[in-house]
Amino acid sequence: MCFSCQVRVVLKYRHADGTLCMKVTDDAVCLVYRTEQAQDVKKIEKFHSQLMRLMVAKEPRTVAVAEAD
Amino acid sequence: MVLLESEQFLTELTRLFQKCRPLGSVFITLKKYDGRTKPIPRKGSVEGLEPAENKCLLRATDGKKKISTVVSSKEVNKFQMAYSNLLRANMDGLKKRDKKNKNKKAKTAQ
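Protein chains in written order, with UniProt numbering: chain G, 1 to 69; chain S, 1 to 110.
Since the hints were made in silico from the structure, they are not lab data.
Backbone N, C-alpha and C define an ideal beta-carbon position, used for all residues, glycine too.
Be a bit skeptical, because a hint or two may be false.
Simulated pairs of lysine-lysine, DSS-like, Cα-Cα distance not exceeding 27 angstroms [said to hold, decoys possible]:
| no. | chain 1 | residue 1 | chain 2 | residue 2 |
| --- | --- | --- | --- | --- |
| 1 | S | K78 | G | K42 |
| 2 | S | K65 | G | K23 |
| 3 | G | K12 | S | K43 |
| 4 | G | K42 | G | K23 |
| 5 | S | K31 | G | K43 |
| 6 | G | K23 | S | K31 |
| 7 | G | K46 | S | K55 |
| 8 | G | K43 | S | K43 |
| 9 | S | K64 | G | K12 |
| 10 | S | K96 | G | K58 |
| 11 | S | K19 | G | K46 |
| 12 | S | K74 | G | K43 |
| 13 | G | K46 | S | K96 |
| 14 | S | K38 | G | K43 |
| 15 | G | K58 | S | K65 |
| 16 | G | K42 | S | K31 |
| 17 | S | K19 | G | K58 |
| 18 | S | K31 | S | K43 |
| 19 | G | K23 | S | K43 |
| 20 | S | K65 | G | K12 |
| 21 | G | K58 | S | K74 |
| 22 | S | K95 | G | K23 |
| 23 | G | K23 | S | K64 |
| 24 | G | K43 | G | K12 |
| 25 | G | K42 | S | K38 |
| 26 | S | K64 | G | K58 |
| 27 | S | K78 | G | K46 |
| 28 | S | K43 | G | K42 |
| 29 | G | K43 | S | K96 |
| 30 | G | K43 | G | K58 |
| 31 | S | K19 | G | K12 |
| 32 | G | K46 | S | K38 |
| 33 | G | K23 | S | K66 |
| 34 | S | K43 | G | K46 |
| 35 | G | K12 | S | K31 |
Derived CB-CB ranges, DEER-like [what the hints assert, rightly or not]:
| no. | chain 1 | residue 1 | chain 2 | residue 2 | range |
| --- | --- | --- | --- | --- | --- |
| 36 | S | V2 | G | K42 | 27 to 33 angstroms |
| 37 | G | A16 | S | N77 | 17 to 23 angstroms |
| 38 | G | Q37 | S | V2 | 19 to 25 angstroms |
| 39 | S | S73 | G | Q6 | 27 to 33 angstroms |
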């Protein structure tokens with residue numbers, strides 16, 4: 001049983017409303033970030049790619065948290 | 001659910017974004033994938049392949065059409081570049097920050 005398989009990341013983009021929403025959940029905890037700012041797109045896209053790399057990595061990796069905004 | 005190759009998935013994802021531009025949402029889901037192709041039986045032991053540790057499942061939908069692809073560590077580099085470009089190019093409908101908002105932010109930061 002792989003518990004990390006229960007974590008999913010969901011992106012929801014609505015061009016008509018100009019909103020982008022990112023949700024990360026493991027069915028126990030749910031974190032949601034909603035934005036209408038263009039400057040957040042790059043950050044969310046980078047974060048999404050980082051999460052993808054973590055999922056695909058074989059050995060356990062720690063993520064150094066980049067500068068907080 | 002249509003399972004596609006990475007390149008085709010990106011093409012179809014671009015189409016989804018374009019289709020939903022006037023109205024609608026695009027949902028993208030990312031999840032770790034252990035390579036299983038059969039459901040796990042409630043009773044009994046899990047037979048078959050050893051779970052793979054280096055794949056993830058990427059799904060996209062507009063509420064009606066569903067597409068998906070599997071990305072493994074071998075393709076992740078190449079896929080990620082194309083995928084990032086795609087997202088940045090298509091998610092361009094959000095508000096740019098203007099002077100008014102900058103002043104507001106400066107005030108709230110203080």
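Quick rundown of the hints versus the structure:
Of the supplied pair hints, the one linking S:K78 and G:K42 holds, its CA atoms being roughly 18 angstroms apart against a limit of 27 angstroms. Simply put, S:K65 and G:K23 have alpha-carbon atoms about 21 angstroms apart, close enough for the 27 angstroms limit, and the pair holds. For the proposed pair G:K12 and S:K43, the alpha carbon gap of about 36 angstroms is over 27 angstroms, so the pair is violated. Between G:K42 and G:K23 the CA atoms are separated by roughly 16 angstroms; this keeps the pair inside 27 angstroms, and the hint holds.
Restraint check: the Cα-Cα separation between S:K31 and G:K43 comes to about 19 angstroms, which is no more than 27 angstroms; the hinted pair holds. Taking the CA atoms of G:K23 and S:K31, the gap is near 12 angstroms; set against the 27 angstroms cutoff, the hint holds. For the hint pairing G:K46 with S:K55, the CA-to-CA distance comes to about 19 angstroms; that is within 27 angstroms, so the pair holds. Our distance criterion of 27 angstroms between C-alpha atoms is broken by G:K43 and S:K43, whose separation comes to about 44 angstroms.
For the given pair, S:K64 sits about 14 angstroms from G:K12 by alpha-carbon distance, which is consistent with the 27 angstroms threshold. Distance check on the hinted pair: S:K96 and G:K58 sit about 39 angstroms apart at the alpha-carbon level, beyond 27 angstroms; violated. Only pairs whose Cα atoms come within 27 angstroms are accepted, and S:K19 paired with G:K46 is accepted, the gap being roughly 24 angstroms. Taken as a hint, the S:K74 and G:K43 pair is honoured in the structure, with Cα atoms around 24 angstroms apart against an allowance of 27 angstroms.
Proposed proximity of G:K46 and S:K96 is supported: the alpha carbons are some 19 angstroms apart, at most 27 angstroms. For the proposed pair S:K38 and G:K43, the alpha carbon gap of about 36 angstroms is over 27 angstroms, so the pair is violated. A threshold of 27 angstroms between alpha carbons decides the hint, and for G:K58 with S:K65 the separation of about 32 angstroms lies outside it, so the pair is violated. Distance hint between G:K42 and S:K31 is fulfilled; the C-alpha atoms sit about 20 angstroms from each other, no more than 27 angstroms.
As the CA atoms of S:K19 and G:K58 are separated by approximately 36 angstroms, the hinted pair breaks the 27 angstroms bound. At roughly 25 angstroms between alpha-carbon atoms, S:K31 and S:K43 fall within 27 angstroms of each other, so this suggested pair holds. The suggested pairing of G:K23 with S:K43 is violated, with an alpha-carbon distance near 33 angstroms, which exceeds 27 angstroms. At most 27 angstroms may separate the alpha-carbon atoms for a hinted pair to count; S:K65 and G:K12 meet this at roughly 15 angstroms.
The suggested pairing of G:K58 with S:K74 holds, with an alpha-carbon distance near 11 angstroms, which does not exceed 27 angstroms. Among the hinted pairs, S:K95 with G:K23 is consistent with the structure: their alpha-carbon atoms are about 20 angstroms apart, no more than 27 angstroms. This hinted pair checks out: G:K23 and S:K64 have alpha carbons roughly 20 angstroms apart, not beyond 27 angstroms. Of the supplied pair hints, the one linking G:K43 and G:K12 holds, its CA atoms being roughly 15 angstroms apart against a limit of 27 angstroms.
For a cut-off of 27 angstroms, the pair hint linking G:K42 to S:K38 is broken: about 37 angstroms separates their Cα positions. With a C-alpha separation of about 34 angstroms, the suggested pair S:K64 and G:K58 falls outside the 27 angstroms cut-off, and the hint is violated. At most 27 angstroms may separate the alpha-carbon atoms for a hinted pair to count; S:K78 and G:K46 meet this at roughly 15 angstroms. The straight-line distance between the Cα atoms of S:K43 and G:K42 is roughly 46 angstroms, outside the 27 angstroms bound, and the hint therefore fails.
The suggested pairing of G:K43 with S:K96 holds, with an alpha-carbon distance near 14 angstroms, which does not exceed 27 angstroms. Only pairs whose Cα atoms come within 27 angstroms are accepted, and G:K43 paired with G:K58 is accepted, the gap being roughly 25 angstroms. Pair hint S:K19 plus G:K12 holds up; C-alpha atoms about 15 angstroms apart against a cutoff of 27 angstroms. Between G:K46 and S:K38, the direct Cα distance comes to roughly 33 angstroms. Violation of the 27 angstroms bound is thereby established for this hinted pair.
With a C-alpha separation of about 19 angstroms, the suggested pair G:K23 and S:K66 falls inside the 27 angstroms cut-off, and the hint holds. Restraint check for S:K43 and G:K46: not satisfied, since their Cα atoms lie roughly 41 angstroms apart, outside the 27 angstroms limit. A threshold of 27 angstroms between alpha carbons decides the hint, and for G:K12 with S:K31 the separation of about 15 angstroms falls inside it, so the pair holds. For the pair S:V2 and G:K42, the beta carbons lie near 29 angstroms from each other, so the given range of 27 to 33 angstroms is met.
Between G:A16 and S:N77 the Cβ separation comes to about 34 angstroms, which falls outside the hinted range of 17 to 23 angstroms. A hinted range of 19 to 25 angstroms is violated for the C-beta pair G:Q37 and S:V2, which are about 33 angstroms apart. For S:S73 paired with G:Q6, a C-beta distance near 20 angstroms fails the hint of 27 to 33 angstroms.
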